[in-house]
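Peer 1: Each chain, letter by letter, is given below.
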Amino acid sequence: MSHTDVVISGFGGQGVIMAGIVLGKTISIFSDGFATMTQNFGPEARGGACTAQVVVDSDNPIRYPYVQHPKILIAMSQEGYEKHEPNLASDGLLLYEEELVEPHPGKRDQIKALGIPAARIAEEFGNPMVLNMVMIGFLAGTSNLIDIEPAKKAIAGCVPSHFIELNHRAFDKGYEYGRNKLEALKAAGSEV
Amino acid sequence: MTVAENKKTIGNIPEHPKSLLLRMDRMPHIWCSRCGIGIVVGCLAAALEKAGLSPDDITITSGIGCTGRVAGYVKVDSFHTTHGRAIPFAVGLALSRPDLKHVVFSGDGDLVSIGGNHFIHAARRNQNLLVICVNNFTYAMTGGQLAPTTPVTARATTAPYGSFENPFCLPNLAISAGADYVARWTSLHIRRMTDTFEEALNREGFRFIEIIAPCSTIYARRNKLGTGLDLMKYYYENSEIKHDATAEELEIGFQTKIVVGKFVDKERPSYARAMNRHLGKILGKKYIPPEVGGPQ
Amino acid sequence: MHADPKGVLTGTHYLDGDHAAAEGACAAGCRFLAGYPITPSTEVAERCALRFPMIGGTFIQMEDELASIAAILGASWGGLKTFTVTSGPGFSLMMENIGLGIMMECPCVIINVQRGGPSTGLPTLPAQADMMQARWGSHGDYEIIALSPNSPQECFDLTIEAVNLSEQYRLPVMLMMDECIGHMTEKVVIPLAEEIDIVPRRWTREKPDTYLPYKPCDDLVPEIAPLGYGYRFHTTGLTHDQRGYPVLNAETQEECVGRLMDKVNKNAENIYHLEKHNLDDADVILISYGISSRVAIPAVGKAREDGIKVGELRLITVWPFPENLIRELAGNIKAFVMPEINYGQVVLEVERCVGGKCKTRLVGHAGGWVHDPESIYQAIKEVAQ
Ligand code: SF4
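Residue numbers (my numbering), protein chains in the order written: chain A, 1 to 192; chain B, 193 to 488; chain C, 489 to 873.
Quick caveat, the hints were computed from the structure, so don't treat them as lab data.
Take the hints with a grain of salt, since some may be wrong.
Said to hold, decoys possible - Okay, derived cross-link-like pairs now, DSS-like style, lysine-lysine, Cα gap no bigger than 30 Å in a straight line:
hint: 1; chain 1: C; residue 1: 790; chain 2: C; residue 2: 754
hint: 2; chain 1: C; residue 1: 494; chain 2: A; residue 2: 153
hint: 3; chain 1: A; residue 1: 83; chain 2: C; residue 2: 845
hint: 4; chain 1: B; residue 1: 478; chain 2: A; residue 2: 153
hint: 5; chain 1: B; residue 1: 267; chain 2: C; residue 2: 703
hint: 6; chain 1: B; residue 1: 473; chain 2: C; residue 2: 847
hint: 7; chain 1: C; residue 1: 494; chain 2: B; residue 2: 477
hint: 8; chain 1: C; residue 1: 703; chain 2: C; residue 2: 754
hint: 9; chain 1: C; residue 1: 847; chain 2: C; residue 2: 869
hint: 10; chain 1: C; residue 1: 797; chain 2: C; residue 2: 847
hint: 11; chain 1: A; residue 1: 153; chain 2: A; residue 2: 71
hint: 12; chain 1: A; residue 1: 153; chain 2: B; residue 2: 425
hint: 13; chain 1: A; residue 1: 71; chain 2: C; residue 2: 869
hint: 14; chain 1: A; residue 1: 112; chain 2: A; residue 2: 152
hint: 15; chain 1: A; residue 1: 112; chain 2: A; residue 2: 153
hint: 16; chain 1: C; residue 1: 494; chain 2: B; residue 2: 478
hint: 17; chain 1: C; residue 1: 845; chain 2: C; residue 2: 797
hint: 18; chain 1: C; residue 1: 494; chain 2: B; residue 2: 242
hint: 19; chain 1: A; residue 1: 83; chain 2: A; residue 2: 112
hint: 20; chain 1: B; residue 1: 473; chain 2: B; residue 2: 434
hint: 21; chain 1: A; residue 1: 83; chain 2: A; residue 2: 181
hint: 22; chain 1: C; residue 1: 764; chain 2: C; residue 2: 790
hint: 23; chain 1: B; residue 1: 477; chain 2: B; residue 2: 242
hint: 24; chain 1: A; residue 1: 71; chain 2: C; residue 2: 494
hint: 25; chain 1: C; residue 1: 847; chain 2: C; residue 2: 790
hint: 26; chain 1: C; residue 1: 822; chain 2: C; residue 2: 797
hint: 27; chain 1: B; residue 1: 242; chain 2: A; residue 2: 152
hint: 28; chain 1: C; residue 1: 695; chain 2: B; residue 2: 267
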């Protein structure tokens, strides 16, 4: 994992940008890497589609700051999925909210696609706002992009102090779900 | 040194009585003879002396126009700014040097036409400014164009058939925007004007004083009103002191009655005071009151 | 002089360019901001509104941009370090009193987070199309200093540099950001206060009776007198002599405006801040500033893979323009390639200095997004033939 482009896409209010900031902070402040986050502003930033791009490099400062072919796509809305999936690298990883996104099966076989009912998990925490942290936990659990400790430090710096614990639990849940998912896939004999 | 002390040290050399406040090296000034602006400057100088203030206690900021030249003739830290922007410029002075008194001295076109938005917002926020507006009903420096104060039917170069648009009544404008202190005199009311300046210098908040003054060369001539002296006579015969005048009574028509007096004198916390109080309350010990500019 | 620790948020942060610029202003010692909300610059004002009350600063949201710039000039005369922040439409409104700031020689900083224009244009999308306006926008002749950051870290660093330059040379200094940099989030390291150099206000050492407000020092910059200390000085937007008094004739105009130009031009070598890579053996040199300098990176890489010798010159200081350097380089290379998010602004200066000695190729567009690096690569390839 030297250079990884990540796109996080959803709709306004889901905490897409916050997820991008947590990811970027985890890597560039609390790990030894570099991460540049850019976001699509515009009319689309007011309630409609919303995208955060995070360019990650474990070794070198980011020079070109934009994502052309993401290695990882985190999709939290069908619209975001439709828009960014075609750009996903052919060996890419698609992480999607399985009740909000319905991937088109069989279209691109090499892409690893993993779903999580993150919205329902967030509801179970009594706060739909933590959906984004469930997704970041899921990312940590299914990829080697970020580690738990730095991610938790980043989360602590991004949310009000009385919400830190809740967000940490949401992250843990997403992480655990991701780990289990990988285990299950392994058990089923698929290459992970 | 106050103006009074300075007078004592002058001895026998005949000096202009207000020479401490005036830049004598800039005389003669550009104003026409019988112009009313000089009278108002004289009254401010007298008020400064009566208030026991030194020229180092105040700044004067002007915009553009005949009255806008005041800043260039007063021997205090003085700023001749751009058209209409004297008030926001002085807002910066006032917030950075709250230890000084800040006077804005400008004309009607400058303050309430091009600078009108700044005028109402500075009044609304109650900035610590004494705003003196010499109202001569016209744009004099540029040759007598229509002003936002030109009375209906009065002529201007850009209203050659007489004005048909409704003018602003400046005290009403200041009052409705929330000014703490609002007065109007004519250039004839030298003693009262001086007293009002003195009183206003010694208090806080947004203070607005309108002085109706003759533009002898342009406004008087174009409207066939005689000389500056004739206008003074008109003020003498037609002004009425009425401190509790209604908004309607404050309106000025072409050569109609002019109601003068002190119309508002209330106390609200100034912007700076409100800021300190509010932020101090909300932030407690974390609040650090604004730094004051100048050498440390 | 070192920075006042009160304003320095020492540490490692993850900030976007707007927030980093706000921190730069706090660290530089700015204690007065008058501004008016406008996308995509508002975050700078918002952060200062939050931070200033805890560092002894005054933030005031004015009624418009005309008032904002006027108020910072006033507060600068009051002795505070001041700045304002805006975007295209507000920048246009500020032009009037930017001229006053130049004429009165008033230290202050104007941050423009550029968006697409003309008029309301593209409020939320980038452009680099106010570069000539920064240079020439107010009427009359003058020289200006304008810097262009290409990362949030530089938004922090260059805000400090801008404040320092404004104090050193007594003029409004522009920080020309763009929407991309303003809304790009990266690691920003804020050093210790004692590691930040600050240029203090150039208070005069003359006594009031000998002080002349516009008598230049050796570097052509006059010293400032504080208010209320008996100097009783006058300053005006009119053409003035050393006393600060209006003198409206051709000789005084020559002396007054001539010095305003000279104090920038004759000190230009000390003002330039440039980034140079591989200029010595280059056949093609890419000149860029702001976000375009980062967008061009894949293009330069690809061209080098093709064996083209590409040098890079980044204008961190855009104004004053490094004329002599461009003239010199033009004699040794085949071409300059310049990407700008506009239809050709700073490239005109390049062309002027090149004077036909080599090719000059603009890669421009109207704004709304950054370049496709491929278009820059194609341009490099073509001119290298
Ligand atoms: S033109 Fe009018 S206002 Fe101006 S100086 Fe002459 S009399 Fe006064």
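Peer 1: If a hint holds in the structure, say so; if it does not, say that too.
Peer 2: Results for each hint:
no.: 1; hint: 790(C) x 754(C); in the structure: 39 Å, violated
no.: 2; hint: 494(C) x 153(A); in the structure: 26 Å, holds
no.: 3; hint: 83(A) x 845(C); in the structure: 47 Å, violated
no.: 4; hint: 478(B) x 153(A); in the structure: 26 Å, holds
no.: 5; hint: 267(B) x 703(C); in the structure: 19 Å, holds
no.: 6; hint: 473(B) x 847(C); in the structure: 64 Å, violated
no.: 7; hint: 494(C) x 477(B); in the structure: 14 Å, holds
no.: 8; hint: 703(C) x 754(C); in the structure: 17 Å, holds
no.: 9; hint: 847(C) x 869(C); in the structure: 13 Å, holds
no.: 10; hint: 797(C) x 847(C); in the structure: 15 Å, holds
no.: 11; hint: 153(A) x 71(A); in the structure: 24 Å, holds
no.: 12; hint: 153(A) x 425(B); in the structure: 80 Å, violated
no.: 13; hint: 71(A) x 869(C); in the structure: 29 Å, holds
no.: 14; hint: 112(A) x 152(A); in the structure: 26 Å, holds
no.: 15; hint: 112(A) x 153(A); in the structure: 28 Å, holds
no.: 16; hint: 494(C) x 478(B); in the structure: 11 Å, holds
no.: 17; hint: 845(C) x 797(C); in the structure: 18 Å, holds
no.: 18; hint: 494(C) x 242(B); in the structure: 42 Å, violated
no.: 19; hint: 83(A) x 112(A); in the structure: 18 Å, holds
no.: 20; hint: 473(B) x 434(B); in the structure: 41 Å, violated
no.: 21; hint: 83(A) x 181(A); in the structure: 26 Å, holds
no.: 22; hint: 764(C) x 790(C); in the structure: 19 Å, holds
no.: 23; hint: 477(B) x 242(B); in the structure: 40 Å, violated
no.: 24; hint: 71(A) x 494(C); in the structure: 43 Å, violated
no.: 25; hint: 847(C) x 790(C); in the structure: 21 Å, holds
no.: 26; hint: 822(C) x 797(C); in the structure: 10 Å, holds
no.: 27; hint: 242(B) x 152(A); in the structure: 68 Å, violated
no.: 28; hint: 695(C) x 267(B); in the structure: 16 Å, holds
Of the hints listed earlier, those the structure fails to meet are numbers 1, 3, 6, 12, 18, 20, 23, 24 and 27, in rising order.
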